[in-house]
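Chemist: So you can see what is in the structure, the chains are spelled out below.
There are 2 protein chains.
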Amino acid sequence: MKISELSDRSGLPVQTIKYYIREGLLPKGAATAATRAEYAEEHLERLRLIRALREVGDLSVAAVKRIIGAVDDEAVGLHELLGTAAYTLSPAAEARPDEPDWRSAREDVDAIVAELGWQVSPDAPTRDLLAQAFLALRRLGRPIVWTDLRPYIEAATIIAEHEIGGIPVEGERGRAVQTAVATNVLYEKVLLALRRMAQEDASARRFGADAESR
Amino acid sequence: MKISELSDRSGLPVQTIKYYIREGLLPKGAATAATRAEYAEEHLERLRLIRALREVGDLSVAAVKRIIGAVDDEAVGLHELLGTAAYTLSPAAEARPDEPDWRSAREDVDAIVAELGWQVSPDAPTRDLLAQAFLALRRLGRPIVWTDLRPYIEAATIIAEHEIGGIPVEGERGRAVQTAVATNVLYEKVLLALRRMAQEDASARRFGADAESR
DNA sequence: TCCATTGGATAGTGACACTCTCCAACTATT
DNA sequence: AATAGTTGGAGAGTGTCACTATCCAATGGA
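Chains F and B, in that order, are what the protein sequence lines are.
Per full-length UniProt numbering, the first sequence starts with residue 1, numbered consecutively.
Per full-length UniProt numbering, the second sequence starts with residue 1, numbered consecutively.
Incorrect hints may have been included.
[As the list claims (entries may be wrong)] Partner residues are not named here, just some residues of chain B that face chain F (Cβ under 8 Å, in silico):
#1 L49
#2 P91
#3 I164
#4 S203
[As the list claims (entries may be wrong)] Only some residues are given here: those of chain B computed to face chain F with a beta carbon under 8 Å:
#5 A52
#6 L78
#7 H79
#8 L82
#9 W118
#10 Q119
#11 A124
#12 L129
#13 Q132
#14 P151
#15 I158
#16 T179
#17 A182
#18 T183
#19 K189
#20 V190
[Claimed, not checked] Result set (DMTMM-like, lysine to aspartate or glutamate): computed pairs, CA atoms no more than 25 Å apart in a straight line:
#21 B/K2 to B/D72
#22 B/K28 to B/E74
#23 B/K2 to B/E42
#24 F/K28 to F/E42
#25 F/K65 to B/E55
#26 B/K2 to B/E41
#27 B/K65 to F/E55
#28 F/K65 to B/D58
#29 B/K65 to F/D58
#30 B/K65 to B/D8
#31 B/K18 to B/D72
#32 F/K65 to F/E38
It is worth saying that the hints were derived from the structure and are not from the lab.
Virtual Cβ for every residue (Gly too), placed ideally from N, Cα, C.
Please model the complete structure; the sequences and the hints are all you need to start from.
Modeler: Following this line, the structure appears as structure tokens:
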């Protein structure tokens with residue numbers, strides 16, 4: 001398959017494909033001459049993965065590259081791979097251990113994780129992410145309380161259990177690992193969309209689409 | 001309070017505050033002279049809201065402006081406000097009704113919403129968002145199935161019920177509405193962080209931190 | 001033969017969120 | 001009163017990001 005064909009089939013401009021190759025997101029085609037290279041089905045599939053992560057997952061090109069790197073690295077185990085993906089996905093919530101407010105929020109997070117008995121790495125960026133949200137909430141005069149948090153923990157547990165449980169163990173690594181990561185990212189969006197819909201429904205039922213101001 | 005004081009207390013550079021005023025995110029201070037204006041406590045609070053939405057919620061300045069506009073508009077009812085927030089938050093998932101693949105995904109979404117009996121506007125962008133995720137999933141060879149979706153629906157319902165139920169009805173509009181929106185955005189991040197942590201925990205238990213490749 | 005296509009490299013673009021610089025008009029300090 | 005510092009207001013500049021556009025020499029198919 002020539003690059004123009006790859007472009008047609010993927011719907012991406014040739015320029016963009018070249019750009020992805022330059023950035024290392026896509027392996028270059030097998031050169032058949034100085035100005036000719038052959039692309040395979042895998043290239044097309046890789047492009048689909050890239051677009052899914054970019055358009056739906058809203059990841060930066062650099063983030064996609066990190067994830068793809070981990071997927072391609074045969075030495076990375078599934079647990080590590082999921083970790084890499086999760087860490088890469090966390091939008092950099094800068095830790096600020098110097099600010100007492102921040103430290104306090106972070107300690108709350110650590111206490112909750114310990115209380116739940118979750119096996120989460122002490123330096124997981126998700127901890128900082130959560131601390132950041134806690135801090136913002138407190139600053140807005142709405143500090144988190146256990147009762148507020150419980151439904152979220154419950155929901156997160158339901159989902160995670162299902163997600164991790166659903167990963168097939170046997171079979172060849174390549175595709176399995178690739179879809180594991182992709183579905184992880186994609187189902188996050190599914191969850192968010194469903195939450196918003198459920199909110200709209202609950203809000204309509206409670207505040208009435210026509211009972212209230214319009 | 002002078003602008004320099006507002007800057008100190010909020011931790012934001014004076015330039016940035018001026019920029020927010022220019023962009024209409026922050027009302028200008030009460031002018032006391034040609035080159036002097038007085039800022040109140042509300043300005044500080046507004047800045048905290050802006051920063052929470054920007055840093056934690058990851059919203060663009062334009063998105064923050066839309067939300068703040070709805071919050072400030074006394075004529076907007078709570079249900080509409082939540083809708084505005086949700087619509088604004090949805091990262092533009094462009095609808096492409098010309099592509100049959102896309103239409104099919106969108107029809108799946110509509111069928112699911114109908115099946116659940118949810119009161120969701122027919123032109124809610126969340127429908128497109130979900131359709132986009134469905135489409136990407138199918139393209140990756142992992143089409144959604146009802147059994148995969150159920151836990152997410154369940155989780156979304158638990159959360160939305162709790163969130164909408166927890167909004168206080170009486171009391172003055174201003175602050176209530178403001179925190180309703182802010183907590184909505186912030187708790188989304190809380191949910192995501194908890195999901196990732198629960199995943200890490202489930203993954204550690206299933207694939208073993210030390211049982212597998214390291 | 002000859003012209004569209006390709007690989008490869010470099011430069012340019014538009015959006016975004018600030019950040020910098022100016023200037024005249026003040027205020028506070030000495 | 002002189003002087004140093006701050007402010008409002010506006011425009012220009014900056015750095016990052018994800019592409020796009022342009023070039024050029026070398027093919028490859030008609």
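Chemist: Give a verdict on every hint.
Modeler: Hint by hint, here is what the structure shows:
The beta carbon of B/L49 is positioned within 8 Å of a beta carbon in chain F (closest approach about 7 Å), and the interface hint is therefore held. For the restraint placing B/P91 at the interface with chain F, the shortest Cβ-Cβ distance is roughly 6 Å, inside the 8 Å limit, so the hint holds. Among the interface hints, the one on B/I164 holds; its C-beta lies about 4 Å from the nearest C-beta in chain F, closer than the 8 Å criterion. Interface hint at B/S203: satisfied, since its Cβ lies 5 Å from the closest Cβ of chain F, which is below the 8 Å cut-off.
Annotation: B/A52 was flagged as interfacial toward chain F, and the flag holds, the nearest CB pair being 4 Å apart, inside 8 Å. The criterion of a C-beta within 8 Å of any C-beta in chain F is met by B/L78, whose closest approach is roughly 5 Å, and the hint holds. For B/H79, the interface hint holds, the least distance from its beta-carbon to any beta-carbon of chain F being 4 Å, beneath 8 Å. Given hint, B/L82 at the interface with chain F, holds; its Cβ is 5 Å from that chain's nearest Cβ, closer than 8 Å.
The beta carbon of B/W118 is positioned within 8 Å of a beta carbon in chain F (closest approach about 4 Å), and the interface hint is therefore held. Interface hint at B/Q119: satisfied, since its Cβ lies 4 Å from the closest Cβ of chain F, which is below the 8 Å cut-off. Contact between B/A124 and chain F, as hinted, is supported at the beta carbon level, the nearest pair being about 7 Å apart and thus within 8 Å. Checking B/L129 against chain F by beta carbon gives a least distance of about 4 Å; that is within 8 Å, so the hint holds.
With a cut of 8 Å, the hint placing B/Q132 at the interface with chain F holds, because the nearest CB-to-CB distance is about 6 Å. A cut of 8 Å between beta carbons decides the hint on B/P151: the least distance to chain F is about 4 Å, and the hint holds. Interface hint at B/I158: satisfied, since its Cβ lies 5 Å from the closest Cβ of chain F, which is below the 8 Å cut-off. Interface restraint check for B/T179: the shortest CB-CB distance to chain F comes to about 5 Å, inside 8 Å, so the restraint holds.
The interface hint given for B/A182 holds, since its Cβ lies 5 Å from the closest Cβ of chain F, which is under the 8 Å cut-off. The closest approach between the C-beta of B/T183 and any C-beta of chain F is roughly 6 Å, which is under the 8 Å cut-off, so the hint is satisfied. Using the Cβ-Cβ criterion of 8 Å, the hint placing B/K189 at the interface with chain F is satisfied: the shortest such distance is roughly 5 Å. Here the hint on B/V190 is kept, as its CB sits about 5 Å from the closest CB of chain F, short of 8 Å.
A distance of roughly 23 Å separates the Cα atoms of B/K2 and B/D72; the hinted pair therefore holds under the 25 Å criterion. Restraint check for B/K28 and B/E74: satisfied, since their Cα atoms lie roughly 19 Å apart, inside the 25 Å limit. At roughly 13 Å between alpha-carbon atoms, B/K2 and B/E42 fall within 25 Å of each other, so this suggested pair holds. A hinted pair counts as satisfied when its Cα atoms are at most 25 Å apart, and F/K28 with F/E42 qualifies at roughly 11 Å.
A threshold of 25 Å between alpha carbons decides the hint, and for F/K65 with B/E55 the separation of about 24 Å falls inside it, so the pair holds. Pair hint B/K2 plus B/E41 holds up; C-alpha atoms about 11 Å apart against a cutoff of 25 Å. Our distance criterion of 25 Å between C-alpha atoms is met by B/K65 and F/E55, whose separation comes to about 24 Å. Straight-line distance between C-alpha atoms of F/K65 and B/D58 comes to about 21 Å, which keeps the hinted pair within the 25 Å bound.
A hinted pair counts as satisfied when its Cα atoms are at most 25 Å apart, and B/K65 with F/D58 qualifies at roughly 21 Å. The hinted pair formed by B/K65 and B/D8 meets the criterion: a straight-line CA distance of about 23 Å does not exceed 25 Å. A C-alpha spacing of about 20 Å is found between B/K18 and B/D72, which places the hinted pair at or below 25 Å, so the restraint holds. Between the alpha carbons of F/K65 and F/E38 the distance comes to roughly 22 Å, so the proposed pair stays at or under 25 Å and holds.
This entry satisfies every hint, going by the numbered hints stated previously.
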